[in-house]
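Protein chains in written order, with my numbering: chain A, 1 to 349; chain B, 1 to 349; chain C, 1 to 349; chain D, 1 to 349.
In short, the hints are calculated from the structure, not lab data. Hints are not guaranteed to be accurate.
Copies of the same chain look alike in the list, so a pair counts if it works inside one copy or between any two.
Only pairs whose alpha carbons sit at most 30 Å apart, straight line, appear in this in silico BS3-like list of lysine-lysine [to be verified]:
1) K197 / K67
2) K307 / K204
3) K197 / K307
All values reported here derive from a predicted model rather than from experimental measurement.
There are 4 protein chains.
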Amino acid sequence: MLVVMKAQATPEQIQAVCEHIEQLGFRAHPLPGAQRTAIGITGNKGEVDRGNLESLSGVAEVIRVSKAYKLASRDVKEEDTIIGFAGTNASIGGRNLAIVAGPCSIETPAQAFAIAEQVAAAGAQFFRGGAFKPRTSPYAFQGLGLEGLRIMAEIRDRFGLRIVTEAIDNESLALVAEWADVIQIGARNMQNFSLLKRAGRLRKPVLLKRGLSATLEEFLMSAEYIMSEGNYQVILCERGVRTFADHSRNTLDLSIVPAIRRLSHLPILVDPSHGTGRRDSVLPMARAAIATGADGIMVEVHHQPEKALSDGPQSIYPAQFVTMMDEIEQIAPVVARHLPRGIHVAAEV
Amino acid sequence: MLVVMKAQATPEQIQAVCEHIEQLGFRAHPLPGAQRTAIGITGNKGEVDRGNLESLSGVAEVIRVSKAYKLASRDVKEEDTIIGFAGTNASIGGRNLAIVAGPCSIETPAQAFAIAEQVAAAGAQFFRGGAFKPRTSPYAFQGLGLEGLRIMAEIRDRFGLRIVTEAIDNESLALVAEWADVIQIGARNMQNFSLLKRAGRLRKPVLLKRGLSATLEEFLMSAEYIMSEGNYQVILCERGVRTFADHSRNTLDLSIVPAIRRLSHLPILVDPSHGTGRRDSVLPMARAAIATGADGIMVEVHHQPEKALSDGPQSIYPAQFVTMMDEIEQIAPVVARHLPRGIHVAAEV
Amino acid sequence: MLVVMKAQATPEQIQAVCEHIEQLGFRAHPLPGAQRTAIGITGNKGEVDRGNLESLSGVAEVIRVSKAYKLASRDVKEEDTIIGFAGTNASIGGRNLAIVAGPCSIETPAQAFAIAEQVAAAGAQFFRGGAFKPRTSPYAFQGLGLEGLRIMAEIRDRFGLRIVTEAIDNESLALVAEWADVIQIGARNMQNFSLLKRAGRLRKPVLLKRGLSATLEEFLMSAEYIMSEGNYQVILCERGVRTFADHSRNTLDLSIVPAIRRLSHLPILVDPSHGTGRRDSVLPMARAAIATGADGIMVEVHHQPEKALSDGPQSIYPAQFVTMMDEIEQIAPVVARHLPRGIHVAAEV
Amino acid sequence: MLVVMKAQATPEQIQAVCEHIEQLGFRAHPLPGAQRTAIGITGNKGEVDRGNLESLSGVAEVIRVSKAYKLASRDVKEEDTIIGFAGTNASIGGRNLAIVAGPCSIETPAQAFAIAEQVAAAGAQFFRGGAFKPRTSPYAFQGLGLEGLRIMAEIRDRFGLRIVTEAIDNESLALVAEWADVIQIGARNMQNFSLLKRAGRLRKPVLLKRGLSATLEEFLMSAEYIMSEGNYQVILCERGVRTFADHSRNTLDLSIVPAIRRLSHLPILVDPSHGTGRRDSVLPMARAAIATGADGIMVEVHHQPEKALSDGPQSIYPAQFVTMMDEIEQIAPVVARHLPRGIHVAAEV
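Looking at chain A on its own, in the form it has when it is part of the complex:
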């Protein structure tokens, strides 16, 4: 259910409607838009009585949302969600493309700084690096943990790059929320609903990767889990699904990009590194992702991929990243987008 407020509704009226909803035992989600504010109503207590709500002052209309996902739906919020990063010119969603680049894992300070320096120079605004790694084998390198987060915090200080890194459980979630700028929830945890809810109680952006066999509806429902707890800063990310095809590690399902953009207001990035698993396919698929209308790219870059502790074969070289940025910049105008180069951090934040 969605309450659409009148254009001239006052903050007090909006507040009063929210309180009324919460008194009924539901949860109210005020979603400000360019013209008017909408208030999403969620909860598993059955239907809200519509008549009463329509009679509250400032209310324009009450709409039933028929989709399973509500807060994530474009029916509820027509404008694209744009996630800003205070004190910087960086954003995810909207006209500007967002580029997240870095190694699969943070291995050593030297490795991380070397890569960060090069992706910053090429114009990335976001740095990715795994500190907590969800590995298929219990005997594989599991990441540097807190030490990795500290290294990335230093990268933010030195290069201004905003940090995206994965949380895999309660403990790492608390640490990632403290040290990073965007909390990544990986494909294997896309339906770890307990983790999603916990991330929903934080007030940091969450980058949610599509599960290996998730349908579009399941993907948006997982976003809904985060949003239903009050955190509306969700970034989706397509990273390939599992099929019979064996020429790539996964099958990058780019057709989900226009579908998501039609159905949801949330930004969607594409990860061509996990999506293909092959260095020589990363640039073609990054270009393709931008051409479909994706809001940006998340890509693995390593200066010595042959020595990488994880995902070496799918990491591109810094020089290839430079090429990728140039190519994306050329394609951007075709889809009414722009590629900002570099991040500008306000002196005093």
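We have chain A already, so just place chains B, C and D on it with the hints.
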């Protein structure tokens, strides 16, 4: 790496080898067999030096395990793992088939008792029921929680049935470990490695369901996560995978049963309810599962499926469960198995 | 559209209704049942006028068939289709299980006779062997062609076994129809509609294998292509579909068996050889297939599989075939079936 | 096996090597390149003796081709294959992008001409339209047949557009070869090896669509079937594969484009119409296809898609086609390509 002890090795010798391994910074996993004890060595510190180990007293030979999964592998433990339940004649693995039956969710005491009574009467030894439900939608019924566990504890008291129920996060894991007999990890959490490790530190059997797009190797690697922490009581469960086929909710991949039995010593059950999603396919697929050599069946039974809060369309009626038991009993001898009927609990435990 | 005739309708009345239908530009398919005859109406000219048909003498009622497949549907013919082989006790469909066994390819007379002798001795009634092979590579062994058909004709003479072999195009279809008892259409040709229609104009049974990514509806629609041309003797065969799973060559989708039996009157066999691609999985899956309610098994048997020109790794040894027959015989009564042993051919046919 | 001739080898020397190969019972495939001619050797008679060949005059070296596909492999022919159309500036492969546009089915002359006029005006060089339709149902519209071919021949005369249309069996193949410029083999016939061989004996370009569950290797092996018969003018076309994803009709697997370009010299087009099944996804995926490096687009255009006899929901409007052309034109330079607008036919051909 695997240390095979001589048949006549003493407990002290086994202990000494384990201590030696741990001093090297690895983890030792003594795995007693019918003839001799083997000691699995795990850890992500690289290779152990073989020569030293071979010279310890009581050691017959040291074998490199080439598979990615080690403790779960039949190379390491040749005999089938049989999981017993103290004070009862119930077991999972080995000659006797295990039948786990009950509703998708515990809804009310009356519902749970009604179903439990009927599955107990038909000869089930294990009762399943969800108290913590991983639901695709945040707005769907999420289970009764602790209240559901209490109802199942009463079912154990009344009917003797051992309880299998799902844990979905740290909090529910602690509760399930306290109240139930078998901890279920669901398909969506098959690669929630943090939860797997935590379950590995408990000393209760863990029933691990195959993820919707998990390969056989990934499935065994997730079992390995639990075992690498010292909990060797792992039960696998096939419950269907996601494919293009639309005549069933999932595609039940029964060919994994002979493959698992070839590669691993762990027991494997089959869940034809989630595997098909259709009541009229449950019995045919339950029969088929037993015919492939599965160690048992996990099945949803509901006396009023049309009123079920979840999974009604795939729940069979109690009368169908009786038929299923009769059919399984007839097929069992073809695969050198036996279906025990009912659970016997020792008076004083 | 389906015209149901009264129980006491005369052959002349049935004939008159058929003629009326054909005059309207449609095709009439009289389908005799135990109680009454039904007449299927097909054609792509739009809807038939119902009123007129209902007024014809002998007509009980006229029913709209809403499924896409009509002649293949159980709505149109309730009783199981049983395909008999004149002058023998062999049949496919109904209470008796049908076992089709033999090598992937006919390689030499000696090889074919050696295998045929052993499968006949173990009680098979049907012999399979490829003379025309659809191979992925143009450079692989393509089969002996007519020579292979001649060898199989001799096997029929010597052992009584009825012959099942694949046709891959117009030329081979004409030859197979002349020399064999059942025309096989392979998975790769399941949607070779031109070949299906041509097979539909013949009056020999057609064994149609499911395509590697065919849905149930597509599978039945391909059967419908054959039936729409007047050949109602169609045998379906599940042989595995393509998924991400890599522990077997294909994923044998046994849950299609109860689904087909619910929706169609046509018999369905299961091929566990192509379905798994591994000798050690063939027997478990053959047992499972019978347990689901399949009408029989199609299996590759080779006395020297390590020397086979094709599909050696999935061919079972003759001794395993004997075991398979014994196991199937034991499971048969659970699903109200019977395994006839051996074929009896009338002296004078 | 591949015989590489010296750069200065004479036509007589090439001829002599070919004759020598054919005398050995193999087939010789002379493949002229920019620098030198290579001669592919195929046949299923086992290995050719290498020594003898190396001693023939004009031979530089003899190379073993380890891939299953040989003539289709870039190992055998390094330069991109470019297929020209005599008397016109149209081509497929190489620097110029090829755009094939038109309705799913030819329905009436008026429909076909209306669409042809508009796609020609927007700059297409190729017209597609089905005359022989492989339909899932025997009761669906099967195409106009020869009448459809005649209409398309008139379109060629009026607008210069070269004609691409599907052949589904021997009869339609003969007609399509006579009336059209490019013979299309559809996804369902990708492994109709008999049809492939027959198309391989013709000397018209063949557009081969990827099967719904074909691996890259199977796809190239089907091209190899055509080429092994001497027809080297093969155009590949990705059109989506079948997966669990339900937000699009098929899953367009764009990552096959860079993989094909790495492994084969054959041109590859992308069909975003069948690949997505949704009008609103066609343009995004067409842009993406060009961005991955595809050699062109095959797209369904209809001026009245709501009245189309087949595939209406995935056909774009002529105005969208104009937009698509403009967008492709802008992306082309990023991948070192050019979009020629319109076809120029020499006055006297």
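Structure versus earlier hints - violations, ascending order | 2
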